[in-house]
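Number of protein chains: 2
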Amino acid sequence: MLSRVGDKWSVFVIMMLSDGPKRFNELKRMINGISQRMLTLTLRGLERDGLVTRTIFPTIPPRVDYELTDLGHGLSRPVEALGKWAKEHLDQIEAARTKFDQRNEG
Amino acid sequence: MLSRVGDKWSVFVIMMLSDGPKRFNELKRMINGISQRMLTLTLRGLERDGLVTRTIFPTIPPRVDYELTDLGHGLSRPVEALGKWAKEHLDQIEAARTKFDQRNEG
Numbered sequence: 001m002l003s004r005v006g007d008k009w010s011v012f013v014i015m016m017l018s019d020g021p022k023r024f025n026e027l028k029r030m031i032n033g034i035s036q037r038m039l040t041l042t043l044r045g046l047e048r049d050g051l052v053t054r055t056i057f058p059t060i061p062p063r064v065d066y067e068l069t070d071l072g073h074g075l076s077r078p079v080e081a082l083g084k085w086a087k088e089h090l091d092q093i094e095a096a097r098t099k100f101d102q103r104n105e106g
Numbered sequence: 001m002l003s004r005v006g007d008k009w010s011v012f013v014i015m016m017l018s019d020g021p022k023r024f025n026e027l028k029r030m031i032n033g034i035s036q037r038m039l040t041l042t043l044r045g046l047e048r049d050g051l052v053t054r055t056i057f058p059t060i061p062p063r064v065d066y067e068l069t070d071l072g073h074g075l076s077r078p079v080e081a082l083g084k085w086a087k088e089h090l091d092q093i094e095a096a097r098t099k100f101d102q103r104n105e106g
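Top line first, the protein sequences correspond to chains A and B. Mapping to UniProt numbering: the first sequence position 21 is 21, numbers consecutive. Mapping to UniProt numbering: the second sequence position 82 is 82, numbers consecutive.
None of these hints come from the bench; they were simulated from the model. Some hints could be false.
No copy is singled out in the list; a pair is fine if it fits within one copy or between any two copies.
Calculated pairs, DSBU-like style, for lysine-lysine (alpha carbon to alpha carbon, straight line, at most 35 Å) [unchecked claim]: (1) K28 with K8; (2) K99 with K22; (3) K22 with K8.
Could you build all of it, start to finish, from the sequences and the hints given here?
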């Protein structure tokens, strides 16, 4: 469903960051099924849009934190409403799809 | 921006249908820049998800109306909040992109 009304990875990343900064590997662990490459691309896209900042700490090994900007926090509210709706109605959407596909096969 | 957190055509169609049923050509006129084929695909996807119904009236020529289902109306609220946010912050996002692209070129 989110793939229809949202790029689901961006939606997930924004939701995960809404309660504070996270490291790359934390995000990767929290978001089931996202590949290293897809997470990198998603974060880069969000950074480009001014929604996420990337901060490098000069520790050994270097630590990289991703955090929502003020703009990103503003977006997280409608995005969460959308995510919540999608989660609550996923069953109904799946049922509609099954019915539609059956009708268009037979 | 909507292309990041939403398939923009689906978002536009849902917003256009939120105040009542529309015909294919009405939708096409209301949504700037959408092709015949993309509108057909978008409506079919929304129909499959159980968000939109398609009703054919046996007039001459036949009239085809698209309308949000109850499920679709439920979705239109968070989608409109998202669309409103995107519209209000488009300038900020464009500015962030320009800055990001300049930083990554030079």
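Going down the list of hints, with the structure as the test:
1. Taking CA atoms no more than 35 Å apart as the test, K28 paired with K8 passes in both settings, with 14 Å inside one copy and 27 Å between copies.
2. In this assembly of identical chains, the alpha carbons of K99 and K22 lie at most 35 Å apart only when taken from different copies (24 Å versus 40 Å within one copy).
3. For the identical chains of this complex, K22 and K8 are neighbours both inside a copy (18 Å) and across copies (28 Å), given an alpha-carbon limit of 35 Å.
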